[in-house]
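Enquirer: Add chain E to chain R, keeping to what the hints say.
2 protein chains.
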Amino acid sequence: MTKEQYLLEHQAYQEKVAAYSLALTTLSWDAYTIAPKKGAPYRNKMAAFLSGELFSITTDPSVIERIEAMSHLDYDEITNREIAQMKKEIDKTRYIPKDVYVAYNNLVRDANDVWEEAKSTSNYELFKPILKKLIEQTKLVMSYRKDSRSIYEQLLDDYETNMGIKEYDAFFSKLRSDIVPLIHQIKAKNIERPKWMSAKVPLDQQAKVVERLAQFLDYSKDSGQISLSVHPFSQDFSAHDNRVTVRYLEDNFTSSIFALIHEVGHATYNGQVNEAYDGRYIRKSMTFGLHESQSRFLENMLGRSKAFWESFYTEIQDLVPLLKTVSLDEFISGINHVQASLIRIEADELTYPLHVMVRYEIEKGLFDGSLGVENLDQVWADKIEEYLGVRPQNASVGVLQDVHWSGAMFGYFPTYALGSAYSAQWMSALRKDMDVEETLRNQDFKKIKAWLKDKIHTHGGVYEPQELLLRVTQETFNPQYYVDYLKDKVKHIIES
Amino acid sequence: MTKEQYLLEHQAYQEKVAAYSLALTTLSWDAYTIAPKKGAPYRNKMAAFLSGELFSITTDPSVIERIEAMSHLDYDEITNREIAQMKKEIDKTRYIPKDVYVAYNNLVRDANDVWEEAKSTSNYELFKPILKKLIEQTKLVMSYRKDSRSIYEQLLDDYETNMGIKEYDAFFSKLRSDIVPLIHQIKAKNIERPKWMSAKVPLDQQAKVVERLAQFLDYSKDSGQISLSVHPFSQDFSAHDNRVTVRYLEDNFTSSIFALIHEVGHATYNGQVNEAYDGRYIRKSMTFGLHESQSRFLENMLGRSKAFWESFYTEIQDLVPLLKTVSLDEFISGINHVQASLIRIEADELTYPLHVMVRYEIEKGLFDGSLGVENLDQVWADKIEEYLGVRPQNASVGVLQDVHWSGAMFGYFPTYALGSAYSAQWMSALRKDMDVEETLRNQDFKKIKAWLKDKIHTHGGVYEPQELLLRVTQETFNPQYYVDYLKDKVKHIIES
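These protein sequences, in sequence, are chains R and E. When the letters of the first sequence are read in order and numbered with the working numbering, they come out as residues 1 to 496. When the letters of the second sequence are read in order and numbered with the working numbering, they come out as residues 1 to 496.
The hints are simulated quantities; they were obtained by calculation from the structure and are not laboratory data. Be aware that one or more of the hints could be misleading.
[What the hints assert, rightly or not] Here are some chain R residues the structure puts well away from chain E; computed CB gaps all over 10 Å:
1) T2
2) A19
3) L22
4) M46
5) A47
6) K306
[As the list claims (entries may be wrong)] Think about it this way: if two alpha-carbon atoms lie no more than 25 Å apart in a straight line, the pair counts; the simulated BS3-like pairs of lysine-lysine are:
7) E/K37 with R/K221
8) R/K432 with R/K383
9) E/K37 with R/K38
10) E/K453 with R/K16
11) E/K221 with E/K38
For every residue, glycine included, the Cβ atom is placed at its ideal position computed from N, Cα and C.
Just chain R, same shape as in the assembly (with noise of 0.2 Å):
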């Protein structure tokens, strides 16, 4: 076959990929928004059958073999790097064998339902064999790699290219050194949550705001959509596709708020990827961190900034008529509150990366064989105690709160620290290029927009993460930046 077939078939596979990925993720959209309870069973059964489908032409041979041979032949830069990211993805799991990957597919399909089960009632002993299953399998499954880095290595590669061990011990070291001080500093303080924080405020009023946010960010209904679901999601479909789901909270308003803006940041992010690759692999083959890191910049680096909500925090007054009583001053404070609590996602943004950092630490500890299942409950709740002052007093708001280990996703959490701290690295480079606070002042978010587009977000997944901060930062990931950004933020709150 020539070099030209082979890209012709090549192409043909991502456009069929594309379809039954397209069919998958509306039903997923409409699972999580309004498709009515009790046609679940009849819509899981269908779709399951779709995935097995999607499933048999992803992993055909010839298609194997296809990528084979095109990551021997030599096409555009966007194309070879396309290939050989499918090569890395497929190098995975070719090697291993049928029995043990289905074995492995149906524990990590049983453990769901057993942690639902020992989260509900805050039980780990329930969850314990289990888990310790997952870590064995996630073992088994790995060692047919032909990759010879530890296990935890390749998995931490898995979700976000570049970083492994060393890269993420250093992160987390400064971290604890320079962030876990402020912490308790903080807390020494006791300072109270404003009460107008959880008043009450009508869901109509609530949704107001989430209108005037998305038309701040230029997140148009042509392009977009937002809907309503038990957790906020962003769900990319194509380029002039991307929506996001919000829920209102009666007693935390803003809650919805910075949902709102967090899920558009995911949302800009795949909606202003170079329109060509539409229906791409290289598409959506961003790593975990990028994401996130976008989220986080428009929600933290600039959603919670004074200079974000000094233009028009009067009609926001307007339209939550409780505000106003509460002066832009204090509504940044009130949205900038520190407080160490045990839950990750309801976590402020100082005291969020110890949570992931508590992750982290266990995680690697129980690859390098140095950390067992076994009480695991409690050292969970010693290192929560020792990095933010609070301790859980039951696993359902301690090891347990979390799905992701069920899932096997050991490797994931991580990324979420490390998108905050990309985060602020990209600040750093955007304030090169104009003044921020000014441009938010002007309501001219097209302008960052246009920036982050031509930086970052066109390029899909072309470039690794620290391909692209050097290219955009001039330097590879430097998390110096995020520590910077925190201690800076909390300063009026030390001094005070």
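Expert: Relative to the frame of chain R, chain E by itself:
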């Protein structure tokens, strides 16, 4: 292959078709409700790809062979009927040469664009040549069927089994003799449409009425969903997932009321089909006329009756304060207002079937050669004037108003009138089993719903219309019920 092996293969085939169908259904629902418009080109391309996959699956020679083989074997009654229906469907297209079929499909696709342009510019001359081609190519495609009946006879049968020219001639001739005079008598009285019907009603008030009606009709969010779309429709996903859409017109609030009741009529039918048929051909093979008979039953037989509203009209008045000055009798009179008009989909119950009759007479003429496309706009206008006493001043509100002919859906229209006529026959049967008015006044729609399930819905597409009518009403289709119902309904207007 053994009889049992065929059956197993048949079942696997049906599950596969069901999975692809659900994906396409979900994509379509998404597109018509919330999908961002700029995502349409990509979405349409991917949906077309998946449609192609489904087409390949259903037209695979092995499928045709299996159905053929199974049609000579004896299974349970349901399977026998299902196989017979599938064979009938396959026989319609299997002998058409591929190039003829492709040319036909291309023509239909092009015709839609031409029709849209012609309609928006009210230019029948633009549509005329392609309408001529559509008729010719339909005749050509149909000529490959091994069926000795006339083309139009076959087309009518495609949309409504058991109904042919003889039956429709009898039906429409009855409408012509009995209903047309009534329309002219009422027209002469110049009764004005009540002003409150076009008063502005805020959309949130309309939405609350729709919610209340859904509750009255036992239409639950657990297995249903009410969304918004440009044109109201219902969509069957599975036994426990049947959705509807409405639209809210500020100055025509009863429009959303009857759209909701109508679509819930369809959804209730689909939702009450025997759950064991989920994913099978037999689940969805009820005729167009039967389906429309269920939507019309709820909309007209029940929804426009005084008994329907009597028990909760004061609640509706609370939801729509405008109605505080409209008595129940005035409300009932308003929603049954008769007024000859030009547009079929806006017509009242009495004039509606005459709109359909015009289309039937024209289609019949086009296919038996007694009519050509030349001056069809004038032929149309003459007939509308003769039956309804009003005359379209341009083709956009005349011959070009409906999409059907541009889609080569000749033979479809008559089922619309048939649905209403069937519904009157169902009503007469229901009355033998319960006091319908009392049941409605007791807000016990569940009792009627259970009757519909037991008599009609549970069977899905198992029975042909005449069989089902005979089972439930002890006679085959009898248009007298419909004519009597209409006459009785307008008697007080005629006599006033």
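Enquirer: The structure should be examined with respect to each hint, and the outcome stated for every one.
Expert: Against the structure, the hints come out as follows:
1. T2: 25 Å, holds
2. A19: The claim is violated: R/A19 sits with its nearest Cβ about 4 Å from chain E, within 10 Å.
3. L22: 4 Å, violated
4. M46: 4 Å, violated
5. A47: Violated, because the least Cβ-Cβ distance between R/A47 and chain E comes to about 8 Å, which does not exceed 10 Å.
6. K306: At roughly 32 Å from the nearest Cβ of chain E, R/K306 sits farther out than 10 Å, so the non-interface label holds.
7. E/K37 with R/K221: 8 Å, holds
8. R/K432 with R/K383: Violated, at roughly 39 Å.
9. E/K37 with R/K38: 29 Å, violated
10. E/K453 with R/K16: 41 Å, violated
11. E/K221 with E/K38: Between E/K221 and E/K38 the Cα gap is close to 29 Å, so the pair fails against 25 Å, i.e. violated.
The earlier numbered hints that this structure contradicts are 2, 3, 4, 5, 8, 9, 10, 11.
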